[in-house]
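Here the protein sequences line up with chains A and B, keeping their order. For the first sequence, this note's numbering assigns the number 1 to the initial residue and increments by one for each residue that follows. For the second sequence, this note's numbering assigns the number 1 to the initial residue and increments by one for each residue that follows.
Derived by calculation from the structure, the hints in this document are not laboratory data. The beta-carbon is built from N, C-alpha and C at its ideal position, and this holds for glycine as well. The reader is advised that the hints may include incorrect statements.
Claimed, not checked - Facing chain B, a subset of chain A residues (Cβ under 8 Å, in silico):
#	residue
1	G42
2	G58
3	G62
4	F64
5	S65
6	D85
7	L88
8	S95
9	T101
10	F104
11	P106
Below are the chains, spelled out letter by letter.
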Amino acid sequence: KAGVTQTPRYLIKTRGQQVTLSCSPISGHRSVSWYQQTPGQGLQFLFEYFSETQRNKGNFPGRFSGRQFSNSRSEMNVSTLELGDSALYLCASSSRGLQETQYFGPGTRLLVL
Amino acid sequence: GIQVEQSPPDLILQEGANSTLRCNFSDSVNNLQWFHQNPWGQLINLFYIPSGTKQNGRLSATTVATERYSLLYISSSQTTDSGVYFCAVGWNTDKLIFGTGTRLQVFP
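Extracted from the complex, chain A is given alone in its bound form (with noise of 0.2 Å):
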């Protein structure tokens, strides 16, 4: 099978603009989750998508919201980039949710400017 795949691999934005990024599961796995790495924060969850429903939710402000497909391909969006939301941002799929193993992506690295 596949491993999970996320894109684009690497972004430059600049403070204000918004960005997407997007995650394709492992075939038949129905849990997405999202996490952001800084140097300073570390990694920290950001939300579960399972069956295109929010089933969980980090700490994070409103900017950051996301949503999930019928074919579980899952999306991230960050609206009114700050030059403190430049991370890793890794998404993670299993098949039933967080209480099992979780398979990560290569991540997306993003940039703030």
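Given the coordinates of chain A, assemble chain B onto it according to the supplied hints.
Positioned in the frame of chain A, the structure of chain B alone reads:
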């Protein structure tokens, strides 16, 4: 919320050496996972181990949930073991909380 602490924060080893990484957590969990992040940022799941002991080649892990800690053992280290090791914990379907990681460098 649950606090997760990992120790040591940094570890430098010569090839062939053994090491033990520790993960302490502040509350009851029934979901604990160990990951290795390589220098390119890819996170690889090593173990799903909410309790008990598991082994996979040169790696093994033990979780004592009642005492709120987990250990990851790496034997006969290789340079390819370098990277950052994270533990992540949770309860049922709740969000995963990651520790701050242990950065391992293995030199030939």
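For each hint, the structure was consulted:
1. Hint status for A:G42 relative to chain B: holds, with the closest Cβ pair at about 5 Å, below 8 Å.
2. Annotation: interface hint on A:G58 holds; nearest CB of chain B at approximately 6 Å, less than 8 Å.
3. The criterion of a C-beta within 8 Å of any C-beta in chain B is not met by A:G62, whose closest approach is roughly 17 Å, and the hint is violated.
4. With 8 Å as the threshold, the beta carbon of A:F64 stays out of range of chain B, its nearest partner Cβ sitting at about 14 Å, so the hint is violated.
5. Look at A:S65: its Cβ only gets to about 16 Å from chain B, farther than 8 Å, so that hint breaks.
6. The restraint placing A:D85 at the interface with chain B is violated, with a minimum CB-CB distance near 17 Å, outside the 8 Å limit.
7. This hint holds: A:L88 has a C-beta 6 Å from the nearest C-beta of chain B, less than the 8 Å allowed.
8. Taken as an interface hint, A:S95 does not check out: its beta carbon lies about 12 Å from the nearest beta carbon of chain B, beyond 8 Å.
9. For A:T101, the suggested interface contact is upheld, since its CB lies about 5 Å from the closest CB of chain B, less than 8 Å.
10. The closest approach between the C-beta of A:F104 and any C-beta of chain B is roughly 4 Å, which is under the 8 Å cut-off, so the hint is satisfied.
11. Among the interface hints, the one on A:P106 holds; its C-beta lies about 5 Å from the nearest C-beta in chain B, closer than the 8 Å criterion.
Of the numbered hints given earlier, the model fails hints 3, 4, 5, 6 and 8; all others are met.
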